[in-house]
Amino acid sequence: MAGKSLFRKVWDNHIVVPETADTPAVLFIDLHLIHEVTTPQAFALLKERGLTVRRPDLTLATMDHSTPTVPVASLSDLDLVAEPAAAAQIRQLASNCREFGVELHGFGSDERGIVHVIGPELGATQPGKTVVCGDSHTSTHGAFGALSFGIGTTEVGHVLATQCLLQRRPKTLAINVNGTLPTGVSAKDIILAIIGRIGVDGGVGHVIEYRGDTIGSLDMEQRMTICNMSIEAGARAGMIAPDDTTYDYLAGRAAVPKGAAWQEALARWQTLPSDPDAVFDKECSIDAATLQPMVTFGTNPGMVIPVTGEIPANTGDGSFRRALDYMGLESGRPILGTPVDVVFVGSCTNSRMGDLRQTAAILEGKKIAENVRMLIVPGSQSIKAQAESEGLHEIFQAAGAQWRESGCSMCLGMNGDTVASGQLCISTSNRNFEGRQGIGARTILASPQTAAASALCGHVADHRTIG
Amino acid sequence: MEKITRFRSRTVVLPQSDIDTDQILPARFLTTTTRAGMGDALFADWRYDEHGRLIGDFPLNRPEAEGCQVLVAGNNFGCGSSREHAPWGLVDYGFKAVISTAFADIFRNNSLKNGLIPIIVDQPTHQWLLDHPGVEVEVDLEQRQLRLPGRSPESLPESLPETEMIEFPIDNFSRYCLMEGIDQLGYLLKHSDAISRFEQHRA
Ligand code: SF4
Numbered sequence: 253m254a255g256k257s258l259f260r261k262v263w264d265n266h267i268v269v270p271e272t273a274d275t276p277a278v279l280f281i282d283l284h285l286i287h288e289v290t291t292p293q294a295f296a297l298l299k300e301r302g303l304t305v306r307r308p309d310l311t312l313a314t315m316d317h318s319t320p321t322v323p324v325a326s327l328s329d330l331d332l333v334a335e336p337a338a339a340a341q342i343r344q345l346a347s348n349c350r351e352f353g354v355e356l357h358g359f360g361s362d363e364r365g366i367v368h369v370i371g372p373e374l375g376a377t378q379p380g381k382t383v384v385c386g387d388s389h390t391s392t393h394g395a396f397g398a399l400s401f402g403i404g405t406t407e408v409g410h411v412l413a414t415q416c417l418l419q420r421r422p423k424t425l426a427i428n429v430n431g432t433l434p435t436g437v438s439a440k441d442i443i444l445a446i447i448g449r450i451g452v453d454g455g456v457g458h459v460i461e462y463r464g465d466t467i468g469s470l471d472m473e474q475r476m477t478i479c480n481m482s483i484e485a486g487a488r489a490g491m492i493a494p495d496d497t498t499y500d501y502l503a504g505r506a507a508v509p510k511g512a513a514w515q516e517a518l519a520r521w522q523t524l525p526s527d528p529d530a531v532f533d534k535e536c537s538i539d540a541a542t543l544q545p546m547v548t549f550g551t552n553p554g555m556v557i558p559v560t561g562e563i564p565a566n567t568g569d570g571s572f573r574r575a576l577d578y579m580g581l582e583s584g585r586p587i588l589g590t591p592v593d594v595v596f597v598g599s600c601t602n603s604r605m606g607d608l609r610q611t612a613a614i615l616e617g618k619k620i621a622e623n624v625r626m627l628i629v630p631g632s633q634s635i636k637a638q639a640e641s642e643g644l645h646e647i648f649q650a651a652g653a654q655w656r657e658s659g660c661s662m663c664l665g666m667n668g669d670t671v672a673s674g675q676l677c678i679s680t681s682n683r684n685f686e687g688r689q690g691i692g693a694r695t696i697l698a699s700p701q702t703a704a705a706s707a708l709c710g711h712v713a714d715h716r717t718i719g
Numbered sequence: 017m018e019k020i021t022r023f024r025s026r027t028v029v030l031p032q033s034d035i036d037t038d039q040i041l042p043a044r045f046l047t048t049t050t051r052a053g054m055g056d057a058l059f060a061d062w063r064y065d066e067h068g069r070l071i072g073d074f075p076l077n078r079p080e081a082e083g084c085q086v087l088v089a090g091n092n093f094g095c096g097s098s099r100e101h102a103p104w105g106l107v108d109y110g111f112k113a114v115i116s117t118a119f120a121d122i123f124r125n126n127s128l129k130n131g132l133i134p135i136i137v138d139q140p141t142h143q144w145l146l147d148h149p150g151v152e153v154e155v156d157l158e159q160r161q162l163r164l165p166g167r168s169p170e171s172l173p174e175s176l177p178e179t180e181m182i183e184f185p186i187d188n189f190s191r192y193c194l195m196e197g198i199d200q201l202g203y204l205l206k207h208s209d210a211i212s213r214f215e216q217h218r219a
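Protein chains in written order, with our numbering: chain A, 253 to 719; chain B, 17 to 219.
Among these hints, one or two may not hold up.
Below, a list of computed lysine to any residue pairs in the SDA-like style, where the Cα atoms sit at most 20 angstroms apart [unchecked claim]: (1) B:K206 <-> A:T275; (2) B:K206 <-> A:A277; (3) B:K206 <-> A:G464; (4) A:K618 <-> A:E640; (5) A:K534 <-> B:A118.
None of these hints come from the bench; they were simulated from the model. Bear in mind the structure is a predicted one, so any value in this text is a computation, not a measurement.
Chain B on its own, in the form it takes in the complex:
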């Protein structure tokens, strides 16, 4: 897996609340037996019309969204099914981080195992990001910080501190694995002896 420590990108914004995994990756694309090419099916029912043509004014399809690695989504992203195809699709499409106010548990877990960083921010920061699509941000995994370099003090709502650095929560283990590009199976396999002892003890 690719190592991630720090990167900069412009944002693309999907403001809807409660975007579920059926929207992120519709079920009819789940008959695949590989991980390849899931990016084509990402947000399929929103991105394409009934003839399979891209819908021009959907945020991801606009020219300025080209190359964006950070998705800013409405409140509570990723609820619904456990399908890992959702983060596979986001990563294959080119995203490295999603910003929202909350993430569904299974989606967050799946994302962290696939090099996609779920970034939780407070309401004022979230609103500012929703209101400023295309702003360039920096994600610093090492410092657990989201930086908003484009933000000027006069545009800040009063409740927002003037700092441009916003801390986001991420557990130490997931952060370490992402930064080192380590997959967690290797770590689990190292505990084989402890697992054997546990099994014997219970038998």
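If we strip away everything but chain A, and leave its shape as in the complex, we get:
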């Protein structure tokens, strides 16, 4: 019998009732992350049916999506800065958490932040766990060797009530990344290149395992950036085998086991990586040595080119033409030099310490271009505090950028941080869909270094060549 993949080991460990031809498997969930936007209707369902939250101890709540990124000391201050509907939604989460006994990292918590940033920070995300959240970027947690995926609100209700989900076993896709990454090429560039290669539907129905020596050489933040965007390739989840880098990151964090229990956990985690003879349903290989900084030019993350590249010729597809019209870009022209109005460094893809340090290294002692508005939004309040203790906020502010409280912010523009219609934003987030950052807003996805260099120049720039 062929060996088992990482995915298969985690899956098999969580089967409460196996699947049959007629019924899906009942899969146990170890960690349920919740936030304000995709839970109100699920809690309403529980109330309607007189149900409780089965495992509040495995449920963790935060506020991030519609939450303001200007300081809010407490819920009572919320109306000063938030739109009424957003404020009501945030209050609803607080009252639901109180009523059902769920721990909430709300205003006033030093640990509040984007749901996919704080799960790992708190040590709640661990190898071998099943992790779900009513948010597609739950794939981020796969960087720890967890099986983690996004679910809809009905399923949020299922997990609240039963701690389980009905699931069919997905297929597996191995993406092997080997070779030395050239200087100036980041994890963001790797994942953008992968999506460009396999397409926005290349991973549909599959769980990706990112493998190879390049992946093994990345730190946990970089691995999270890669797994985060698995969903942009249509994949159900993305995973990376746990190793010493993973264990070093987790050791000592609040929610991880301590003492003898830590040793036991380590022994268990070390059995998780795919067996050498594991077979995957599909495989694909990427040579890291050939990669360059990448930027998107269209309205889905698969429309991506090297920053030094030209906008491709029309494939004859109406959607392609529509995308270029929307972006105000032309085939055959270099993307370098395209004027930029807004720069956003943030989101669950790129808002961690490494991202902020790289941004600061480029901005230090310089000023962003005159007509550019730049927002830097840390992924969590802990990251904000750490960045400030390193003086990064002073570098950002001296350069002319705004430094905010943590949250999703301009990644989806739900909290009032938006890009105006027709303006072009170079953004470290994960989606460049039409209107994602505001009605009519145009988005170019890129790494923090590319974004920072473009902020200085006022147009799309190659950070490797600016001095």
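The hints should help you fit chain B with the ligand onto chain A, whose structure is shown.
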């Protein structure tokens, strides 16, 4: 939930590929705490102009789209966010089925839990449907068939079989739940004992 076995409807066509959930239901409408009224926000950035007026030549706004329950969309529908507001919006607007060549996993899951049938068809059938907006089709969930009664043999591309019945894949469990109007939470709750045993075993 309403039981669905079989229905007939004309189609409305949105030919763009990769229509994502931010287009289906833009994020600024997600601050709601109920499911009600999401149909008004469906495709909001495409349906309304900057003054909030309906854009007359957008396919959903044309008079012939009135009452259509089947949406034919370009390749790969529903990618992006996990927001269930997308299928809520489609269902509230009146759709019971969406036809495409592929669906994003989370969107497909969410749809099946809300009485919206995602129908995957092959490329030639898809192209024919894109080219014939407003054609009357029949969706038969029991037989897992899409019927194209209006289709005449001479309009068929050569690669397409002359049959008017096209099978579509749907898993037994989702089909059963849709046909019986059963919600899946009830089914899960019946496994409480097995879940307790699992929890004890792991503790
Ligand atoms: S930062 Fe963006 S992608 Fe991440 S959870 Fe928030 S809205 Fe979703």
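How the hints compare with the structure:
no.: 1; hint: B:K206 <-> A:T275; verdict: holds, 13 angstroms
no.: 2; hint: B:K206 <-> A:A277; verdict: holds, 14 angstroms
no.: 3; hint: B:K206 <-> A:G464; verdict: violated, 43 angstroms
no.: 4; hint: A:K618 <-> A:E640; verdict: holds, 18 angstroms
no.: 5; hint: A:K534 <-> B:A118; verdict: holds, 18 angstroms
In this structure, the one hint that does not hold is number 3.
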